[in-house]
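Engineer: Start from the sequences and build out the full structure, keeping to the hints where you can.
Chains as they are written, first to last, in this note's numbering: chain L, 1 to 407; chain B, 1 to 302; chain E, 1 to 552.
Hint data in this document are derived by calculation from the structure and do not stem from the laboratory.
Fair warning: this is a prediction, and the values are worked out from it, not measured in the lab.
Backbone N, C-alpha and C define an ideal beta-carbon position, used for all residues, glycine too.
Wrong hints could be hidden among the right ones.
As the list claims (entries may be wrong) - Reference excerpt, derived from the structure (chain E facing chain L, CB under 10 Å, subset only):
{"id": "1", "residue": "HIS6"}
{"id": "2", "residue": "VAL7"}
{"id": "3", "residue": "TYR10"}
{"id": "4", "residue": "PRO11"}
{"id": "5", "residue": "GLU12"}
{"id": "6", "residue": "PRO14"}
{"id": "7", "residue": "VAL15"}
{"id": "8", "residue": "SER16"}
{"id": "9", "residue": "LEU17"}
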Amino acid sequence: MPERLLLTGNHAAAYGAMLARSEVISAYPITPQTMIVELLSELTASGRLDAKFITVESEHSAMAACVGASAAGARAYTATSGQGLALMHEMLHWAVGARLPIVLTNVSRAMAPGWSIWSDQSDILSQRDVGWMMLFAESVQEAQDFIIWMYRVAEQVFLPGMVGMDAFILSHTAEPLIVHDQEAVDEYLPPFEPLYDLDPAQPRAYGGLVNRDHYFELRYKIYENMERAGQLLIDAGEEFGDVLGHKYTPLEGFMLDDAEYVLVSAGAMTSNVRQAVRDLREKGIKAGLLRVIAFRPFPVKQIRRILGGRKKVAVLDRNMSAGHSGIFAEEVRSALHGQSDAPPIYGYVVGIGGRDVRVETAHEVMDDLLERDEPEMALFVGVKGLPIGPLRADYEIRPLEPLEVVR
Amino acid sequence: MRWVVPEAEHMAEGTLGCQGCGGALSMRLVLKELGQDAVAVLPACCWSIIDGPWPVHALDIPVLHTAFETAAVVATGVKAAKTVQGKDTTVVAWAGDGGTFDIGLQALSGAAERNEDILFICYDNEAYMNTGIQRSSSTPTGTWTTTTPDQRPEARPKKDIMGIIAAHRIPYAATATAAYPEDLERKVQNAVAIKGGMRFLHLLSVCPPGWKMEADQAIEVMRRAVRSKVFPLYEVRNGRDYTITHWPDDLPLEDYFSLQGRFKPLLGNDEMLELVRGNVEERWQTLLARHEASHPASVGSN
Amino acid sequence: MSGLDHVDNYPEIPVSLAPTSTVLKTGAWRSVRPVLKTRTAPCNAYCPAGISIPEYFDFLTQDRLEDAHSVFMERNPFPRITGRVCPRFCEHGCNLAVATDEEPLSIRSIERWLGDHTAEVPHPNPAEETGKQVAVVGAGPAGMAAAYYLRRSGHKVTVFDRRELAGGILRYGIPEYRLPTEIVDNEVRKLENMGVEFRTRLALGADLKLEDLEAAYAAVFVATGATGQRSTGIAGESLLEPGLAFLEAANRNQVSLPGERCAVIGGGNTAMDVARMLQRMGAKVTVLYRRTLTEMPAIDEEYERAVEDGVEFHWLTLPRRVTKLGAKLLVTVEQMRLGTPDESGRRRPESTGIMREMRFDGVFSATGEKADTTPFPDRLRDAQGWLDLDVDGATKDPLVYAGGDLATGPATVIEAIVAGRNAARAIDAELGFSDRWPAVSPIDTVSPAEVNVTYVPHHDRADDPPAVTADPFAEETTTLTAADVLEEIDRCLSCGYCNSCGTCFVFCPDGAILWNNGPRIDHEFCKGCGICVAECPGHVMVLVNEREVSHA
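Structural biologist: Printed below as a string of structure tokens:
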């Protein structure tokens, strides 16, 4: 029987890794992820989870250990955050090229300097192009379930996937959680059947030197499989509902049917945006919400269908790509490009470095959206001393003032 | 005289090693005693090339290519998977000196400290040879490389990797070279036989192009490294018990250096040569003292 | 790789599909190629018989005694004999001794072991009888060797000898303690068993006429030795006992000591044998030699053993006159000094005029024997009375050959055996058979600079161990054990002969030395690094420029 517990997002992720019967888990502590591997350490030590738990010496090694384990045919899991994910970058590529369906949880945190442990999606979105599937969880339940959903798809396309969860807002917030029945999860997620497992009876080399005659074709297959994963996510999300009681989809709409103004959001802040939409509806504004769950593969066709014909679309980004705009805005904009009924896309950058994104913040965004005629690439919400608006055109760097020495 | 080295070959012909490649020879000899239930993990190093371009492969054990700094930890991951699967496969990390002394040291230290059940083998050609002869922390004093040119040859001594490894107190560590194949094979046997913990083999592996020497002197030069005490052959058990496995015979250092063009700056600099001589002797005396402390009854015996 | 012209034919991952050897023919990188080349070992080159020593050593290590024996017998039918009395020409060339501080291989001791362990192996019967009859005169080492090779060639062989038993110098000249008679008996018996006929008590000149033999036999080989006493030039020469005659009498047990104090004049091997025999019979022996140890022709080993036996040596001592003084002999000797080198390169003794007298009970001369060529007609002799022979021992008469000490004067057993073999193969050819017996060794000897001594194990050379016996006439040494032999062969570099030591195989970085009980170079993949050539202990490999190969 499923169990109902009150747990934080981090502990839910650990339960997700356990229910998925991860076989090799590598761990390196980093706030705010640390609780995930702490609980997995307990679960493996107590024997509740039968897995090898490796306390590696860096996140780079955490991913490298997963690469080795997965290449040898084991289901591998790790978790990280911010700087740790950045350090893993090289090995994230490796997992893709080696076609290893590793799953990791990234508790999104702002990048240093200055040191910041607070919520910010810049870390995970910096890994946009490595070739990992990416899902963004909004709830503790999703922090658990998306790991299982991700393995289900990853092991069909032999590509890795990461589950994003916002620092503290989700990682350290306790919510009711349904811990699924293990047998049901086993029915949903069969044992890993690897493409290869370093069997000495098959003395092959994996991932060696590839010259210009062959590299392109091998990469082409990766792109194809990522594309294939789009439909597989839908199918597997449906099946999750059939077997485990809750259907997941790459996109989730709220009050979208007749919405003229759509707010697009991802991750935990979506809960507050959803509340704002409810409020707006009460005020008679035809607002709606589109939550992006699957960022890679990006559900381009569905987004074109859903957003086509709306009056205005505001994309809320808790991240930004300097020199361009918020990354979700950028992605939505490019998805809609060339579509005749494409709405104008207004990019809003909010909550950088863990600054609160409240229901009120969503209202401010909607107010600005309704007033603003021309869309902007990036409109900054809440920068001290500045109204919501685009970057300033003129700005001068002030040199440092000498320190007033106090003795 | 007949060699006692297994006949069976586990490395195919047609590898891309240079003429007289010590790395290729080391691999060939190691495989003869490694056993068939084995997997090798290969970080960036000459062997990334030597094994041949896709879709070919030279060894009759699986090889997992991996990133430069990850040999020890990827091997750890592979071993973890094999253990979970109930298999007793020997997992070998096979790295060059860059992947061991420099970029690979962090993962190596991590694996050694955790006493992972893997065999880490460093084939040490004392510089980044695959990229075209740049110094590494394994490059010895007085060496020319493209980043330590004649005007500014390598000033620092070679990093004491065996000392670092021994400090981790792993069950078994040994130096060896293909110039002494039976000693090498015995050490591979020892390393394979010890299960459940980390084993480390440090193989001096000649690189004729990088060492600026004739390929046919490849064996002789490694032999001279041993005879002149530049590269003593020994084993360390549990980080404490030292055994010298081949006694050097006081070959003058110059006889080792003079075979190699890379030591031209050293041979032209008396002060530096004396410094090196002092370092070699000091390291030898340290080793000898450790050997004697480990073998109180058989001091100086051959 | 075929089939990789469509993305669908690619695997999901860059996983290998074939071994490197299927695609990468690295032999194309090569500018020089190693080639296995059998060359001559210096031991082989120094051996008058040209025995392929590394080859039979190799067979011994493989426990192939019969093959080792048969390689040996191609060149020398009497390893038991030469394994005891040969002055080890072979060992003087041993590259190991030249290139290092190590002692040369103990080749003669191994030869002796081989002989002793094949003593009962019968000689092969000839494949086919030729119907030709050959006469051999003289049943010493030259005659017996000729008889062996002639008989193996299928000819009927009759060996004549003036004494009552065959063996010549082997039986009557070499003391029992060096070469037991039993061994000579066995060799004669084995020759008889292969069909050689021995007819004894028939002396050339007295009982047999050369022209009769020429008429009765298809070919004649004369090897009657050099047993005539050369004049010493010493006044009172008739008071001297001829050394060789003494040895013969001693071997027949027909002598008694003339007294306790004996002198032997001379510095050759006969002098050593006489001195040592006398010493063993109980005498106190002094050797009088006109030069010094450096110039003395006796082999070092015999000199050393004489010293061990207690023989004294007086150097630069030339007897001038012998007179009787009661029961004693008074020998007047002149003190000599060394002057300029003579044609042999040894420094010449010169008179000093200083005389002294020595007293002995008996004085033996061993200053050299001469060959008796008087049974030969003058047309076959030169002005000095030597036989006029070509390199194979052919006289001016068709199918009459001569050899051994008869042709050369006193020499060694092995040189006599070589003369017998040479004459036999020449006769065989003259009788109309093609070259059945290989001639001299090939040239191209491996030099000390070419060998690689790195892998030679360091242990003491294995010499014949001394016998533990109270009998002074029993054989003074014993034969090595098989284990000793194998350990000794372990030191052999096997110059110029591949003994499958495996060095090339072990050190090839490319695995391009294929091994099947021995090396084969796989030129499809060999990159030509030259390690195999540099490391080969015996330098059995050479590097050849590819351009020369392709133009060849």
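Engineer: Next, verify each hint and record whether it holds.
Structural biologist: Taking the hints in turn, this is what the structure says about them:
The criterion of a C-beta within 10 Å of any C-beta in chain L is met by HIS6 (chain E), whose closest approach is roughly 9 Å, and the hint holds. Look at VAL7 (chain E): its Cβ gets to within about 5 Å of chain L, closer than 10 Å, so that hint holds up. Against a cut-off of 10 Å between C-beta atoms, the interface hint on TYR10 (chain E) holds, since the closest Cβ of chain L lies about 5 Å away. The criterion of a C-beta within 10 Å of any C-beta in chain L is met by PRO11 (chain E), whose closest approach is roughly 8 Å, and the hint holds.
Satisfaction of the interface hint for GLU12 (chain E) is found here, the shortest Cβ-Cβ separation to chain L being roughly 5 Å, below the 10 Å cut-off. Annotation: interface hint on PRO14 (chain E) holds; nearest CB of chain L at approximately 5 Å, less than 10 Å. Look at VAL15 (chain E): its Cβ gets to within about 5 Å of chain L, closer than 10 Å, so that hint holds up. Below 10 Å, beta-carbon pairs count as interface contacts, and SER16 (chain E) has one with chain L at about 4 Å; its hint therefore holds.
Using the Cβ-Cβ criterion of 10 Å, the hint placing LEU17 (chain E) at the interface with chain L is satisfied: the shortest such distance is roughly 8 Å.
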